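Chemist: Protein chains in written order, with the numbering used here: chain E, 12 to 289; chain V, 383 to 544.
Honestly, the hints are just simulated from the structure, not real lab data.
All figures in this text were calculated on a predicted structure; none of them were measured in a lab.
Here a beta-carbon is modelled for each residue, glycine too, at the ideal position from N, C-alpha and C.
Errors might be hidden in some of the hints.
Label-pair distances were calculated between CB atoms; the ranges are [said to hold, decoys possible]: (1) Met-56/E / Arg-511/V: 44 to 50 Å; (2) Thr-419/V / Asp-229/E: 41 to 47 Å; (3) Gly-36/E / His-468/V: 35 to 41 Å; (4) Leu-386/V / Gln-270/E: 46 to 52 Å; (5) Ala-188/E / Asp-464/V: 51 to 57 Å; (6) Gly-70/E / His-468/V: 32 to 38 Å; (7) Gly-523/V / Pro-287/E: 33 to 39 Å; (8) Asp-464/V / Met-56/E: 36 to 42 Å; (9) Gln-399/V / Gly-36/E: 45 to 51 Å; (10) Gly-189/E / Gly-395/V: 48 to 54 Å; (11) Met-247/E / Thr-419/V: 54 to 60 Å; (12) Gly-70/E / Ala-539/V: 35 to 41 Å.
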Amino acid sequence: MKPTAFDYLCPRTLDEALHALASHGSDATVLAGGQSLMPMLSFRMLEPGFLVDINRIPGLDSIELDGGTLRIGTLARHAQVMAHPLVAQHLPLLAQAMPHIAHAAIRERGSLGGSLCLADPAAELPACMLALDARLHLRSHQGTREVAAADFFQGLYQTALAPGELLTEVRIPVPEAGSAMVFDEFSRRHGDYAMAGLAAWSHPASQRSRLVFLGCGDRPTRAVRAEALLNARDGMPSYAELRQAIDADLHPEADLQAQPDTKRHLATVLLQRAWPHL
Amino acid sequence: MNPLHPLSLHVNGVAVQAQVEPRQHLADFLREQVGLTGTHLGCEYGVCGACTVRVDGRIVRACLMLAIQAQGCEVQTIEGLDAQGHYKDLQQAFVARNALQCGFCTPGMVMCASALLEQGGCPSRSDIRAHISGNYCRCTGYEAIVDAIEVTARTRAATTKA
Chain E
12 MKPTAFDYLC PRTLDEALHA LASHGSDATV LAGGQSLMPM LSFRMLEPGF LVDINRIPGL
72 DSIELDGGTL RIGTLARHAQ VMAHPLVAQH LPLLAQAMPH IAHAAIRERG SLGGSLCLAD
132 PAAELPACML ALDARLHLRS HQGTREVAAA DFFQGLYQTA LAPGELLTEV RIPVPEAGSA
192 MVFDEFSRRH GDYAMAGLAA WSHPASQRSR LVFLGCGDRP TRAVRAEALL NARDGMPSYA
252 ELRQAIDADL HPEADLQAQP DTKRHLATVL LQRAWPHL
Chain V
383 MNPLHPLSLH VNGVAVQAQV EPRQHLADFL REQVGLTGTH LGCEYGVCGA CTVRVDGRIV
443 RACLMLAIQA QGCEVQTIEG LDAQGHYKDL QQAFVARNAL QCGFCTPGMV MCASALLEQG
503 GCPSRSDIRA HISGNYCRCT GYEAIVDAIE VTARTRAATT KA
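Pulled out of the complex, with its shape left as it was, chain V reads as follows:
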């Protein structure tokens, strides 16, 4: 067996130290070693987007990055988004608009949408669709998800203006 590598990083603001096998990807590390199972693992080859997290602020596929590559990084998962409450409006819009059914894609959708909302302004529906095009939802047909993101962006833009 290959030697374990020491890894230290921050997950949702909390310092984490661990020993990892180089081949372990970030999604497995978050789920199995850190115990944060909100990051879902769908396809495990970068197609479905369910494992989307943020690393140093950027959205990434946690199955397409080795855990060891997150050395020294700040990783944010859906659990961290909850704790901060900065996206409570987006999460409430998902609930209000029924933008989820089984919920498997939801953490990835919300993480992905959070990056779009941070750019500010009112993205068009086609901008929103392009932005979430890498995240699969097999239940909703996307309309409700696009609605939820759109209404959040609009409400935020109106609040900023006022």
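Same shape as in the complex, but just chain E:
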């Protein structure tokens, strides 16, 4: 199908974009990479009056190290993040996750900010942001605020983003030396949405970790009991022990990909595979 008619705005500055979002309110939709938005328009799941295309605003795709923080602009394309030396050096979790996102042509246009604002529960990047303690920088006509990833994702396609706000940047603290990171997922075919996935960070020396599962709830979900098992550093638990923790931590609903029991099984297997590297 074809999208319904809309007006197209192509601001050249951030201020112009924020002004457009403020004046059109919920009738305006932000167009970033468009790789999920365009299908939604074609299916007429969304019928915005105005599309605010942020692709021509300079500087929104920068990736830079700022002290102990890696700052990634909202328009950084998946392919760009995947190939960036700062990401490879400091955030290998992101570099590992990127090849799982869709396909080459989609990664050329799809953007970090777009993926986070869509907040698909089976998407890779929201889970990575939670595992890495990212802070999301939101701007509106009224000002700026920062929201922790843990507070940003609020449910199925629901985020803390208010009408008129634009996610401009993600700030990720560079994990301390000695950190381990693993990303892995099960999907039916390469590039499909995950049946279950794991974004994991650990710091064995200080017995801290983050185990965040995707595709196992209405948002990326921390498995705190599994984290406690890992932090105890008491050898490799059996499948049954891990499964018990996962059953307590994760409460997935059935989706097109898998039943809840299958998802919990796959989550346990992901954990078993990641365990020796964490």
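With chain E fixed as given, assemble chain V onto it according to the hints.
Modeler: Just chain V now, kept in the frame of chain E:
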């Protein structure tokens, strides 16, 4: 009706000026306004890869980009690939290996593969499969397509060395 927007871009090296509705995607624009029907429109929601073209050198889904977003860009379609002859070897390998039957996916496959070949070297069969994983072929079972891309990459790498 929403006002038309002026659009100027280059398609296969030729300057094109047009008026477009904002909602028109690049694939429809190429087919209906520019008359280049080699870019095929399959699913129209970014899944099948048949409409793959190159915009400023990058492979993109033409159904997942508005025509108006290509303002000032250089768009290359399968017709442009033919004209330049830089991928004659790939196209001949597709023919030699019977890497197409109905041909609907072929322009997208060739455009997608062209980007992989530009990276040089000899990608493994699993690299090739991963690269074309976003392009559906309902006839061939992919083996012949992977063969054609593999043999082209190998021949190119051998020629570069020699």
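Chemist: Are the hints correct? Go through all of them and say.
Modeler: Do the hints match the structure? See the list:
1. Met-56/E / Arg-511/V: 44 to 50 Å: violated, 31 Å
2. Thr-419/V / Asp-229/E: 41 to 47 Å: Cβ of Thr-419/V to Cβ of Asp-229/E: about 43 Å, so the range 41 to 47 Å holds.
3. Gly-36/E / His-468/V: 35 to 41 Å: violated, 49 Å
4. Leu-386/V / Gln-270/E: 46 to 52 Å: At 50 Å between Cβs, range holds.
5. Ala-188/E / Asp-464/V: 51 to 57 Å: holds, 53 Å
6. Gly-70/E / His-468/V: 32 to 38 Å: holds, 34 Å
7. Gly-523/V / Pro-287/E: 33 to 39 Å: Holds, since Gly-523/V and Pro-287/E (Cβ atoms, about 37 Å apart) stay within the stated range.
8. Asp-464/V / Met-56/E: 36 to 42 Å: The hinted range 36 to 42 Å holds for Asp-464/V and Met-56/E, with Cβ atoms some 37 Å apart.
9. Gln-399/V / Gly-36/E: 45 to 51 Å: Given a distance of about 34 Å, which is not inside 45 to 51 Å, the answer is violated.
10. Gly-189/E / Gly-395/V: 48 to 54 Å: holds, 53 Å
11. Met-247/E / Thr-419/V: 54 to 60 Å: Since Met-247/E and Thr-419/V have Cβ atoms about 58 Å apart, the given range 54 to 60 Å holds.
12. Gly-70/E / Ala-539/V: 35 to 41 Å: holds, 39 Å
Hints 1, 3 and 9, counting from the list given before, are not met by this structure.
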